[in-house]
Amino acid sequence: MAARPRRTQALVAWLFLLPFLAPFVLFWAAPIVRGLYLSFTNASLTGADERFVGLANYQQLVADPTYRRALGNTVVFVVENVPVLLVAGLLLALLLNQSMPGLAAIRAAFVAPYLITASAVAIIWQFVLDPATGLLNDWLAAVGLPTQRWLSEPGQAMGAIVLITLWWRVGFPLLVLLAGLQEIPGDLYEAARLDGAGAWQRFWRITLPLLAPVLFFVFIIRLIDSFKVFAQVYLVTGGGPIGSTRVLIQYLYETGFQDFRSGYAAAIGWSLFVIILGVTAIQMRLLRRYGADE
Amino acid sequence: MSRRRWTRRWATLAIALVLALAWAVPLLWVVSSTFKPQQEIVGPERRWLPAGPTLDHWRNIADPQGRAVGVGRAFANSVVVALISTFSTLATSSLAAYAFARLRFRGREALFGVLLATMMIPNEVILVPLFLQFHRLELLNSYAALILPHAISVLGVFLLRQFMLGIPSDLIDAAAIDGAGAFRIYRHVVLPLTRPAMATLSVFAFLGSWNDFLWPLIVVNTPDKQTLPLALITFRSAYQMLDYGTVLAATLVAVAPPLLFFVFAQRYVIAGISRTGLKG
Numbered sequence: 001m002a003a004r005p006r007r008t009q010a011l012v013a014w015l016f017l018l019p020f021l022a023p024f025v026l027f028w029a030a031p032i033v034r035g036l037y038l039s040f041t042n043a044s045l046t047g048a049d050e051r052f053v054g055l056a057n058y059q060q061l062v063a064d065p066t067y068r069r070a071l072g073n074t075v076v077f078v079v080e081n082v083p084v085l086l087v088a089g090l091l092l093a094l095l096l097n098q099s100m101p102g103l104a105a106i107r108a109a110f111v112a113p114y115l116i117t118a119s120a121v122a123i124i125w126q127f128v129l130d131p132a133t134g135l136l137n138d139w140l141a142a143v144g145l146p147t148q149r150w151l152s153e154p155g156q157a158m159g160a161i162v163l164i165t166l167w168w169r170v171g172f173p174l175l176v177l178l179a180g181l182q183e184i185p186g187d188l189y190e191a192a193r194l195d196g197a198g199a200w201q202r203f204w205r206i207t208l209p210l211l212a213p214v215l216f217f218v219f220i221i222r223l224i225d226s227f228k229v230f231a232q233v234y235l236v237t238g239g240g241p242i243g244s245t246r247v248l249i250q251y252l253y254e255t256g257f258q259d260f261r262s263g264y265a266a267a268i269g270w271s272l273f274v275i276i277l278g279v280t281a282i283q284m285r286l287l288r289r290y291g292a293d294e
Numbered sequence: 001m002s003r004r005r006w007t008r009r010w011a012t013l014a015i016a017l018v019l020a021l022a023w024a025v026p027l028l029w030v031v032s033s034t035f036k037p038q039q040e041i042v043g044p045e046r047r048w049l050p051a052g053p054t055l056d057h058w059r060n061i062a063d064p065q066g067r068a069v070g071v072g073r074a075f076a077n078s079v080v081v082a083l084i085s086t087f088s089t090l091a092t093s094s095l096a097a098y099a100f101a102r103l104r105f106r107g108r109e110a111l112f113g114v115l116l117a118t119m120m121i122p123n124e125v126i127l128v129p130l131f132l133q134f135h136r137l138e139l140l141n142s143y144a145a146l147i148l149p150h151a152i153s154v155l156g157v158f159l160l161r162q163f164m165l166g167i168p169s170d171l172i173d174a175a176a177i178d179g180a181g182a183f184r185i186y187r188h189v190v191l192p193l194t195r196p197a198m199a200t201l202s203v204f205a206f207l208g209s210w211n212d213f214l215w216p217l218i219v220v221n222t223p224d225k226q227t228l229p230l231a232l233i234t235f236r237s238a239y240q241m242l243d244y245g246t247v248l249a250a251t252l253v254a255v256a257p258p259l260l261f262f263v264f265a266q267r268y269v270i271a272g273i274s275r276t277g278l279k280g
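Same order as they appear, the protein sequences are chains S and Y.
Per the numbering used here, the very first residue in the first sequence carries number 1; after that it's consecutive.
Per the numbering used here, the very first residue in the second sequence carries number 1; after that it's consecutive.
For the record, the hints were derived by calculation from the structure and aren't laboratory data.
Warning: the hint list may mix true and false statements.
Restraint-style ranges between C-beta atoms, simulated for each label pair [what the hints assert, rightly or not]:
| id | chain 1 | residue 1 | chain 2 | residue 2 | range |
| --- | --- | --- | --- | --- | --- |
| 1 | S | 280 | Y | 47 | 42 to 52 Å |
| 2 | Y | 259 | S | 144 | 30 to 40 Å |
| 3 | Y | 9 | S | 143 | 18 to 28 Å |
| 4 | Y | 165 | S | 277 | 46 to 56 Å |
| 5 | Y | 10 | S | 280 | 37 to 47 Å |
According to the in silico footprint, chain S covers these stretches of chain Y (three or more CB under 8 Å from chain S) [stated by the list, open to error]:
| id | stretch |
| --- | --- |
| 6 | 7-18 |
| 7 | 47-60 |
| 8 | 126-138 |
Ideal Cβ placement from N, Cα and C applies to all residues, glycine included.
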């Protein structure tokens, strides 16, 4: 191989890259650049003149009450959903990290929902959460608890969405954390037990510190994913009742594809990216500081 | 002491079983409801198992009788789109990964850096410009529009490149000394050794395409091009009140392929999801 002229090898390399690079440029890189440009224009799908408007879209976003509401709803979802998924995933991973009969089947029950499409999730949970005939209210009634209005109650709808997302997505933190737990050497626990450490101490002194990098990874992935929440909300509540669950991507979708305001919609998209980037950078910095202590 | 441990083990198992059952109930309820007459799904006569089992809903799925949405057509669309997307992702990612891992060319590191940088950008951010791109190419409402955005994966290139870097150089040098060209080395030496990573990637590529809702929602505007996630929603709004059982049967059709795949290749799927987490 080394004997070949360098130029031939470069040519071969570009041939290997071509099938990937052509679609990459057309359907990924170029739209990124064009989208950034669009966000500085008043472009519209209705075909009116496209003019460069500088930062006008972004200035408008800051003052736009619908945008602020959607951002607020998204933040509420992120703040509720990320800890719920992380804690539930960790508890389930600790539970399933013990030997028990039928472990594969039990694990499969938690992972199965992770594999299905948002539309199916939405259809299923509209039945489950139906105030009059839903499974969940039937159970609440059976154990003597008051039934809930779930999706039709503005104060409750986002909580219901968090519940749905927990059922749908918990397989990911569960599996990643379970794999992380299994990497922790068993003799560490053995040694700690000989030294007289109880289960609680072993968890805080061994499990949690050694699992921290994996926990952080899951946290970041879930954080980014949660900011992009859309399908399960849109399909279950449509953003309602009275706008209490309309999230950023839904506003982007409505602006871009129902009102046809491409420029403004592109600006909404980029604002989301900047928010995600900012939040991730803060977490990374915190991690570095925390990691340096170790 | 051993008695206490015994009690603890059974308590753990009981908790795990109850929770697993709670997680499984919604899907089991869907399966059971596709065989119930309407009044046993909702309303005062609702029950867990059908009292008078019926195949009506499945008959409706098999023979739409002029209904607006054919689940069969949507299923075929989904199969075609997901299979081509998956195959294309595997082919393009492994070729590009091989070039990045094993071939020398000017600008290699810079180009790879560009790929990594674009990985940070969420798909949702390019929704509008991507739509305009397909509009310009006059490809809206086509299979090409459904497939092309899923036909490559930057994450896939990254994943396979990391894996290929771990293959011992000796194997490749030996093949090169025997006179094998770059493509033969890729095809007969590197590709067979990359199989575990390819399995992981195929799981993600298939699920990503099969389950995608937002992009088809934007790019498809006639029923004959709808994939299952979109068709389900059209179906729901058309028949929700009249025929719950048929809506649920259609739902089952949409979730069955990934779930069946999971049952038969559980180890691959589990390894695929966990591995992406640990390499980070």
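Outcome of the hint check:
Against the hinted window of 42 to 52 Å, the Cβ-Cβ separation of residue 280(S) and residue 47(Y) comes to about 48 Å, which satisfies the hint. Distance hint for residue 259(Y) and residue 144(S): a CB-CB separation of about 35 Å, consistent with the stated range 30 to 40 Å. The hinted range of 18 to 28 Å is satisfied by residue 9(Y) and residue 143(S), whose Cβ atoms lie roughly 27 Å apart. Taking the beta carbon of each, residue 165(Y) and residue 277(S) are about 28 Å apart, not inside 46 to 56 Å as hinted.
Evaluation of the 37 to 47 Å hint for residue 10(Y) and residue 280(S) yields a pass: the beta carbon distance comes to about 43 Å. Residues of the stretch 7-18 of chain Y with a Cβ under 8 Å from some Cβ of chain S number 6, which satisfies the need for three, so the listed coverage holds. Under a criterion of three residues with beta carbons nearer than 8 Å to beta carbons of chain S, the stated coverage of the stretch 47-60 of chain Y fails, only 0 such residues being counted. Closer than 8 Å: that is the beta-carbon criterion, and the stretch 126-138 of chain Y has 8 residues meeting it against chain S, so the requirement of 3 holds.
Taken one by one, the earlier hints fail for this structure at numbers 4, 7, listed in ascending order.
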